[in-house]
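Novice: The primary structure of each chain is shown beneath.
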Amino acid sequence: MQGPLIDTLVRQGVSRRTFLKYCATLASMMALPPTAGRAMAEAMAASRRPSVIWLPFQECTGCTESITRSHSPTIEGMIFDMISLDYQETLMAAAGFQAEEALHNAMKDNFGKYLLIIDGSIPLGVDGAYSCIAGRSNLDLLKDAAKGAAAIVAMGSCASYGGIPKANPNPTGAVSVSDIIKDKPIVNIPGCPPIPVVMTGVLAHYLTFGSLPELDDKGRPKAFYGETIHDRCYRRPFYDQGKFAKTFDDEGARNGWCLFELGCKGPVTYNACATTKWNGGTSWPVESGHGCLGCSEPDFWDAGSFYKALSTPANPLKLAATATVVGAAAGVAVSFANRAKKDAAKKAHQPVTLADLEK
Amino acid sequence: MSASLDKVTQTLKEVIDAPIASYFESCVHCGLCAEACLFYTETGDPKYTPIHKVEPLRRVYEQEYTLLGRLKKMVGLSKPITHEELDQWQELVYDSCTLCGRCSLICPVGNDITYMVRKFREGMAVSGHVPDGIRGATKRTVEIGGPMGLKWPAVANVLKKAEEATGLPIPVDQAGVDYLVLLSSMEIVNYPEYIEALAKIFNKAGISFTLASDAFEATNAGIQIGASDIAKVIVTRIVDAAERLKVKYVLSPECGHAYTAIRWEGPNLIGRPYQFEVVHVLELLDGLRQKGVLKVKNKFKDPLILHDPCQIVRRGGVLQAPEALIREVAENFIPVADQQKWNWCCGGGGGASAIHTETAEALRAKVFQIKKRQIEDAGVGTMVTFCANCRIVMEEALDHYEMNTKLLGLTELLAEHLED
Numbered sequence: 000m001q002g003p004l005i006d007t008l009v010r011q012g013v014s015r016r017t018f019l020k021y022c023a024t025l026a027s028m029m030a031l032p033p034t035a036g037r038a039m040a041e042a043m044a045a046s047r048r049p050s051v052i053w054l055p056f057q058e059c060t061g062c063t064e065s066i067t068r069s070h071s072p073t074i075e076g077m078i079f080d081m082i083s084l085d086y087q088e089t090l091m092a093a094a095g096f097q098a099e100e101a102l103h104n105a106m107k108d109n110f111g112k113y114l115l116i117i118d119g120s121i122p123l124g125v126d127g128a129y130s131c132i133a134g135r136s137n138l139d140l141l142k143d144a145a146k147g148a149a150a151i152v153a154m155g156s157c158a159s160y161g162g163i164p165k166a167n168p169n170p171t172g173a174v175s176v177s178d179i180i181k182d183k184p185i186v187n188i189p190g191c192p193p194i195p196v197v198m199t200g201v202l203a204h205y206l207t208f209g210s211l212p213e214l215d216d217k218g219r220p221k222a223f224y225g226e227t228i229h230d231r232c233y234r235r236p237f238y239d240q241g242k243f244a245k246t247f248d249d250e251g252a253r254n255g256w257c258l259f260e261l262g263c264k265g266p267v268t269y270n271a272c273a274t275t276k277w278n279g280g281t282s283w284p285v286e287s288g289h290g291c292l293g294c295s296e297p298d299f300w301d302a303g304s305f306y307k308a309l310s311t312p313a314n315p316l317k318l319a320a321t322a323t324v325v326g327a328a329a330g331v332a333v334s335f336a337n338r339a340k341k342d343a344a345k346k347a348h349q350p351v352t353l354a355d356l357e358k
Numbered sequence: 228m229s230a231s232l233d234k235v236t237q238t239l240k241e242v243i244d245a246p247i248a249s250y251f252e253s254c255v256h257c258g259l260c261a262e263a264c265l266f267y268t269e270t271g272d273p274k275y276t277p278i279h280k281v282e283p284l285r286r287v288y289e290q291e292y293t294l295l296g297r298l299k300k301m302v303g304l305s306k307p308i309t310h311e312e313l314d315q316w317q318e319l320v321y322d323s324c325t326l327c328g329r330c331s332l333i334c335p336v337g338n339d340i341t342y343m344v345r346k347f348r349e350g351m352a353v354s355g356h357v358p359d360g361i362r363g364a365t366k367r368t369v370e371i372g373g374p375m376g377l378k379w380p381a382v383a384n385v386l387k388k389a390e391e392a393t394g395l396p397i398p399v400d401q402a403g404v405d406y407l408v409l410l411s412s413m414e415i416v417n418y419p420e421y422i423e424a425l426a427k428i429f430n431k432a433g434i435s436f437t438l439a440s441d442a443f444e445a446t447n448a449g450i451q452i453g454a455s456d457i458a459k460v461i462v463t464r465i466v467d468a469a470e471r472l473k474v475k476y477v478l479s480p481e482c483g484h485a486y487t488a489i490r491w492e493g494p495n496l497i498g499r500p501y502q503f504e505v506v507h508v509l510e511l512l513d514g515l516r517q518k519g520v521l522k523v524k525n526k527f528k529d530p531l532i533l534h535d536p537c538q539i540v541r542r543g544g545v546l547q548a549p550e551a552l553i554r555e556v557a558e559n560f561i562p563v564a565d566q567q568k569w570n571w572c573c574g575g576g577g578g579a580s581a582i583h584t585e586t587a588e589a590l591r592a593k594v595f596q597i598k599k600r601q602i603e604d605a606g607v608g609t610m611v612t613f614c615a616n617c618r619i620v621m622e623e624a625l626d627h628y629e630m631n632t633k634l635l636g637l638t639e640l641l642a643e644h645l646e647d
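Order-wise, the sequence lines are chains A and B.
Position 203 of the first sequence, counting from 1, maps to 202 under this note's numbering, and the rest follow consecutively.
Position 246 of the second sequence, counting from 1, maps to 473 under this note's numbering, and the rest follow consecutively.
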């Protein structure tokens, strides 16, 4: 599995054309100019396996599953395979001291150049004893690994914001990567789990341009987290018409109406599910009939019931109708008042004479 | 002093109507009206932006008729108008606005700014914030009969001379004729040849006409000063005379503001339709031309341009007749870039020509530069117009710039070249 990426891809039955198409799609998803697709393809195809170290902390392996356990081998998966993943407990064949040695070698050989991927939160309670690898706490490992990293990718909601481990009452004292590391560029790719293409998109950007994509105020790539689920939701027209499913088996639910009243967190959740979908574009939660949980938002676990509506939805039509009536009434009232005023002025009219023209 | 300020707001409250309210609401502050105003283009001073000239009116509208304005007035954010302010605005409303209507024509949202200025003058007039010249003209019109203080005996004398010159009778106070002929004092005094021309043309066309000894004056200073009550008194004289003499038509003279006064403002002032029709002399002449009555010999040869008086053409709607008539009589008519409804004002309309302060006269001379350029660009030695007021104003300006451009009245030019 050495040599340029494209050779490996070809060996696996991915044509150059398919790869180019994939890169163009990726570029457009990330709102990059059209020429970036080719640049990306060229950079990635020729890429000599950048060293990546993946450290799993207090996590459930769901993030790894999301990326690697696709139903059929995806290009995302293959690209992921093609990087020099020097340390990934779940995926690596080595174990024990051998594995630790691989980690140390990778950190030493690629010091300052490797990409560090973290999934899982970092427990600070009991001196970090809640999660240890080879006798070292996650905190210790993170600080050590971060020193030589070119950039850090916080993979999933746990690494990005603390996630489920941090949920009230946060027994392990879990924190996010950015709570601890302050001196390295960090990309947060929240989601429980995150969308695979977001991960590869960030990787592709890094490989192509040697930099991280543009981030928002929560450290997320703007290209994927720029809009809410709600804004891009195919059920949005029903929301605008005031058509809501009231239970999961009523007519509204069967008609595919908006799930807002069933607790959908789409309006406050920034993610790309509504556009990229899941499982190779098969479907996504809202399409399957369940509201968005808001899993890519900080503290989503503690944001009230998943089935409690965000707030009583404003009925835009009713509101507009009321506003119109109120406005019209005010208009009529003002007009009557003005009419009265003008009539009074007319009644009080004193014929203008030549004497008036004098100052 | 405060009593008359009350009178101002009271009057403005009265004149603000639905059109004015909608004009203020729809103004988008684009400033296009500035470029339409010769007082702005020739001075470059933004205070001459037409819509700015009605700023106090806008404030009264806002303070009295809008919710926000009332609130602003209550908390002192919007100040009431003051005498000092009106003093300051007098120049903008009278000296530097000739009610020429070019701003109204150019306004992209269709605001009739000229109408607003005209209404704003009502408030200025009741508080005496008016130029002495127009006040004097108004007084003379009401008390004596015309803005120049002419009395009937003097007019009768001019008519007698015209009869002698033409050898044609000029009937006075004759009932049952077709036309009641109105004159403007300026014609009587400065251009009596207009009367002679009319007599000739009527004779040629076989139309009966008369003058009225108690209603010869067509101009209406009450409209220019902005006092509708006074304007009504003045216009009523004509209406009474015309209806007493049972004429079919009242013939407005060439004078522009006279035409506006009798044709457009008159029925609104008296509050009912006339029992006669008002016709501008050029409309009559063009009708005769179309009938073939008006036959011209030895066409006028010198190259000339036409000055379209604002109140007759742009504001008055006599759009086609002037050019058709000038082409009938002149061989070398040269159209200018801004002609017909786009023509530039002479600078002295709307009563401005009656203001004889030094600053007003200097301003009039300055804004005449736009006409000067028109004349020079066309390279002509003759300009024809059909408004006695335009003619006087432009003659003064030509004198000021020492230009030897010849100014002619269209009706006279036609009469001179009529076939015998």
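In case anyone wonders, no lab produced these hints; they're calculated from the structure.
It is possible that some hints are incorrect.
[Said to hold, decoys possible] Away from chain A, derived, C-beta distances all over 10 Å, residues of chain B:
1. CYS254
2. GLY303
3. SER354
4. GLY355
5. LEU377
6. ASN384
7. ASN417
8. ASP456
9. LYS475
10. TYR476
11. PHE503
12. GLU504
13. PRO562
14. GLN567
15. GLU603
16. LEU640
[What the hints assert, rightly or not] Okay, derived cross-link-like pairs now, SDA-like style, lysine to any residue, Cα gap no bigger than 25 Å in a straight line:
17. LYS183/A - LEU211/A
18. LYS340/A - LEU232/B
19. LYS387/B - GLU349/B
20. LYS366/B - SER334/A
21. LYS473/B - VAL460/B
22. LYS300/B - LYS107/A
23. LYS341/A - TRP491/B
24. LYS306/B - ALA339/A
25. LYS107/A - LEU211/A
26. LYS300/B - ASP272/B
27. LYS340/A - ALA327/A
28. LYS181/A - LYS242/A
29. LYS242/A - VAL324/A
30. LYS346/A - TRP569/B
31. LYS366/B - ASP441/B
32. LYS306/B - SER334/A
33. LYS346/A - SER231/B
34. LYS341/A - GLU420/B
35. LYS306/B - GLU420/B
36. LYS524/B - ALA432/B
37. LYS358/A - MET375/B
38. LYS300/B - LEU211/A
39. LYS358/A - ASP314/B
Ideal Cβ positions, reconstructed from N, Cα and C, are used throughout, including at glycine.
Novice: Against the structure, test the hints numbered earlier, and report the numbers of the ones violated in rising order.
Specialist: Going through the list in order, the structure violates hints 3, 4, 8, 19, 20, 22, 26, 28, 30, 34, 35 and 38 and respects the others.
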